[in-house]
Amino acid sequence: MDYLKQNSIVIEEIKDGIILKNVWDFNAKHIFECGQCFRWDKEDDDSYTGIAFGKVINVKSFKNNEIKILNTNIEDFKRIWFEYFDLGRDYSRIKKVLSADDTMKLAIKHGEGIRILKQDPWETLISFIISANNRISMIARSINIFSQMYGQAIIYNGKVYHAFPTIKDLSDTEFSNIRDCKAGFRCKYIIEAIKMIGSGEIDLEKIKNMETIEAEKELKRIPGVGSKVANCILLFSMQKYDTYPVDIWMKRVTEELFLKRESKAGEISDFAKEKFNDLSGFAQEYLFYYARELKIGKE
DNA sequence: TTGCAGGGGTCAA
DNA sequence: TTGACCCCTGCA
Numbered sequence: 003m004d005y006l007k008q009n010s011i012v013i014e015e016i017k018d019g020i021i022l023k024n025v026w027d028f029n030a031k032h033i034f035e036c037g038q039c040f041r042w043d044k045e046d047d048d049s050y051t052g053i054a055f056g057k058v059i060n061v062k063s064f065k066n067n068e069i070k071i072l073n074t075n076i077e078d079f080k081r082i083w084f085e086y087f088d089l090g091r092d093y094s095r096i097k098k099v100l101s102a103d104d105t106m107k108l109a110i111k112h113g114e115g116i117r118i119l120k121q122d123p124w125e126t127l128i129s130f131i132i133s134a135n136n137r138i139s140m141i142a143r144s145i146n147i148f149s150q151m152y153g154q155a156i157i158y159n160g161k162v163y164h165a166f167p168t169i170k171d172l173s174d175t176e177f178s179n180i181r182d183c184k185a186g187f188r189c190k191y192i193i194e195a196i197k198m199i200g201s202g203e204i205d206l207e208k209i210k211n212m213e214t215i216e217a218e219k220e221l222k223r224i225p226g227v228g229s230k231v232a233n234c235i236l237l238f239s240m241q242k243y244d245t246y247p248v249d250i251w252m253k254r255v256t257e258e259l260f261l262k263r264e265s266k267a268g269e270i271s272d273f274a275k276e277k278f279n280d281l282s283g284f285a286q287e288y289l290f291y292y293a294r295e296l297k298i299g300k301e
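Take the position in the first sequence, starting the count at 1, then add 2; the result is the number in the working numbering.
Careful: at least some of the hints might be erroneous.
[Stated by the list, open to error] When the alpha-carbon atoms are kept at most 20 Å apart in a straight line, the in silico SDA-like pairs for lysine to any residue are as follows:
| no. | residue 1 | residue 2 |
| --- | --- | --- |
| 1 | K262 | L296 |
| 2 | K31 | E15 |
| 3 | K97 | L72 |
| 4 | K31 | I138 |
| 5 | K277 | V99 |
| 6 | K7 | I138 |
| 7 | K210 | G200 |
| 8 | K120 | K190 |
| 9 | K7 | G200 |
| 10 | K170 | I138 |
[Unchecked claim] Computed Cβ-Cβ distance ranges for the label pairs, DEER-style:
| no. | residue 1 | residue 2 | range |
| --- | --- | --- | --- |
| 11 | E269 | N66 | 52 to 58 Å |
| 12 | F64 | K170 | 37 to 43 Å |
| 13 | N9 | K31 | 21 to 27 Å |
Note that these hints are calculated values from the structure, not bench results. From the three backbone atoms N, C-alpha and C, an ideal C-beta is built for every residue, glycine too.
Produce the complete structure using the sequences and hints provided.
In structure tokens form, the structure reads like this:
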């Protein structure tokens with residue numbers, strides 16, 4: 003099953019942006035705070051301003067299934083944001099299937115508006131290398147500094163933002179001051195990753211077209227990329243929904259809600275594969291958000 | 001004020 | 001299987 007659906011979204015152009023109507027299963031807070039992305043900041047009006055694919059936009063979701071996106075137009079929506087927000091997928095159906103399990107039903111209730119973004123694989127790779135044994139606020143900060151150092155400046159509302167640097171932006175860089183981005187021991191991994199992608203030794207587009215198992219193996223050739231980071235890249239930027247990234251939170255929540263015992267990382271991903279199959283990635287996101295909201299497993 | 005644990009893992013021994 | 005690893009925050 004592919005869970006795709008006929009799109010019934012109505013697009014209306016307004017001054018500085020667009021309004022989308024008939025958008026189901028979309029909650030900005032759930033989407034931007036479920037751990038999949040690091041470049042979206044909450045504003046005072048509960049909207050989120052973020053940077054992706056070299057653009058800055060502001061997104062606000064409303065209870066009546068309307069979404070307002072500022073600093074964009076219909077053309078960019080069709081070209082970039084429709085796919086980025088995975089608007090062609092029927093999350094209602096996914097939730098219905100997963101809700102056959104009572105525990106999942108409860109978790110989904112907390113994050114009912116989660117959607118898995120289709121992010122840029124290159125940016126996702128570097129971002130999740132930085133995420134290893136790190137805190138969210140620190141990860142976001144490092145990515146921001148890294149972007150300021152090497153990425154293109156974008157002005158929006160009188161404020162300067164920086165696009166995540168493309169591999170081209172980095173081609174002649176020395177990286178003598180890479181440590182300024184405060185990524186600590188991960189800096190050496192970042193440099194190695196840049197070299198491997200830049201030289202073509204690793205081809206992310208090719209990996210995206212591989213089967214999940216092969217793709218994970220290939221990603222793990224990059225230093226700083228282990229199982230968890232590889233699975234995040236696969237899920238958040240390569241549409242491999244049969245993945246179940248296991249970090250400390252997923253270990254806690256899976257043990258507490260399903261396995262009812264201590265277990266190893268391998269056991270947890272085996273369990274997920276068995277139980278959720280090709281919806282593992284979606285289940286993972288609902289559970290992750292639920293676990294963090296309720297601090298499950300953390301005494 | 002200082003000191004120490006620990007955080008959305010990975011690597012090397 | 002285990003400890004080190006940058007950097008920073010929270011808390012004693």
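Structure versus earlier hints - violations, ascending order
Numbers 2, 3, 6, 8, 9, 10, 11, in rising order.
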